[in-house]
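Number of protein chains: 2
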Amino acid sequence: MRYRMVLGKNIHKYRMKKGLSQEKLAEYCGLHRTYIGAVERGERNISIDNIEKIANALEVDVTQLFHNERGH
Amino acid sequence: MRYRMVLGKNIHKYRMKKGLSQEKLAEYCGLHRTYIGAVERGERNISIDNIEKIANALEVDVTQLFHNERGH
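Each protein sequence line maps, in turn, to chains L and Y. Heads up: the first sequence begins at 1 in our numbering, then just goes up one per residue. Heads up: the second sequence begins at 1 in our numbering, then just goes up one per residue.
Hints are computed from structural coordinates only; laboratory data are not their basis. None of the values given here were measured: they were computed from a predicted structure. Hints should not be assumed to be uniformly reliable.
[What the hints assert, rightly or not] Derived, one-sided and incomplete: chain Y residues facing chain L with beta-carbon distance under 10 Å:
{"#": "1", "residue": "Arg-4"}
{"#": "2", "residue": "Leu-7"}
{"#": "3", "residue": "Leu-20"}
{"#": "4", "residue": "Ser-21"}
{"#": "5", "residue": "Glu-23"}
{"#": "6", "residue": "Cys-29"}
{"#": "7", "residue": "Arg-33"}
{"#": "8", "residue": "Thr-34"}
{"#": "9", "residue": "Arg-41"}
{"#": "10", "residue": "Ile-46"}
{"#": "11", "residue": "Ile-48"}
{"#": "12", "residue": "Ala-55"}
{"#": "13", "residue": "Asp-61"}
{"#": "14", "residue": "Thr-63"}
{"#": "15", "residue": "Phe-66"}
{"#": "16", "residue": "Asn-68"}
[To be verified] Capping the alpha-carbon separation at 27 Å, the derived lysine-lysine pairs in DSS-like fashion look like this:
{"#": "17", "chain 1": "Y", "residue 1": "Lys-9", "chain 2": "L", "residue 2": "Lys-53"}
{"#": "18", "chain 1": "Y", "residue 1": "Lys-9", "chain 2": "Y", "residue 2": "Lys-53"}
{"#": "19", "chain 1": "L", "residue 1": "Lys-24", "chain 2": "L", "residue 2": "Lys-13"}
{"#": "20", "chain 1": "L", "residue 1": "Lys-13", "chain 2": "Y", "residue 2": "Lys-53"}
{"#": "21", "chain 1": "Y", "residue 1": "Lys-53", "chain 2": "L", "residue 2": "Lys-9"}
Ideal Cβ positions, reconstructed from N, Cα and C, are used throughout, including at glycine.
Produce the complete structure using the sequences and hints provided.
Following this line, the structure appears as structure tokens:
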């Protein structure tokens, strides 16, 4: 499924922008570090509630996490 | 969680625009009618793969389903 990958790449991008480790981001979200890693690699079928937690921790809007730079 | 509600309202809106019943949309997505109803009411913690299936069936971009008309 394509959007898992878009989401993973964007989470990685915004995490780097904030200079956060996966561990630190995980701590801010109340999620596990290995889960964040798997989401960034598009391996997990993440739910809307967890997407929202990550967006809040990264201080971005949820829609920013779905933006596909390569277009449609 | 706020985005469940945004998503539910937008799915309902675009389903109405296409003149689809919950049953018909469910059929197009390979999901169950009662599940679509629950998602529209913000009752389910829907996953990214199912969000993508619904967006494809409604012929909208995933980001359109997260657009919050009331702003932030």
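Okay, the hints, checked on the actual structure:
| no. | hint | result |
| --- | --- | --- |
| 1 | Arg-4 | holds (6 Å) |
| 2 | Leu-7 | holds (6 Å) |
| 3 | Leu-20 | violated (21 Å) |
| 4 | Ser-21 | violated (23 Å) |
| 5 | Glu-23 | violated (23 Å) |
| 6 | Cys-29 | violated (13 Å) |
| 7 | Arg-33 | violated (20 Å) |
| 8 | Thr-34 | violated (18 Å) |
| 9 | Arg-41 | violated (14 Å) |
| 10 | Ile-46 | holds (5 Å) |
| 11 | Ile-48 | holds (5 Å) |
| 12 | Ala-55 | holds (8 Å) |
| 13 | Asp-61 | holds (7 Å) |
| 14 | Thr-63 | holds (5 Å) |
| 15 | Phe-66 | holds (5 Å) |
| 16 | Asn-68 | holds (8 Å) |
| 17 | Lys-9/Y / Lys-53/L | holds (20 Å) |
| 18 | Lys-9/Y / Lys-53/Y | holds (17 Å) |
| 19 | Lys-24/L / Lys-13/L | holds (15 Å) |
| 20 | Lys-13/L / Lys-53/Y | holds (25 Å) |
| 21 | Lys-53/Y / Lys-9/L | holds (20 Å) |
Hint compliance for this structure: hints 3, 4, 5, 6, 7, 8, 9 are broken, all remaining hints hold.
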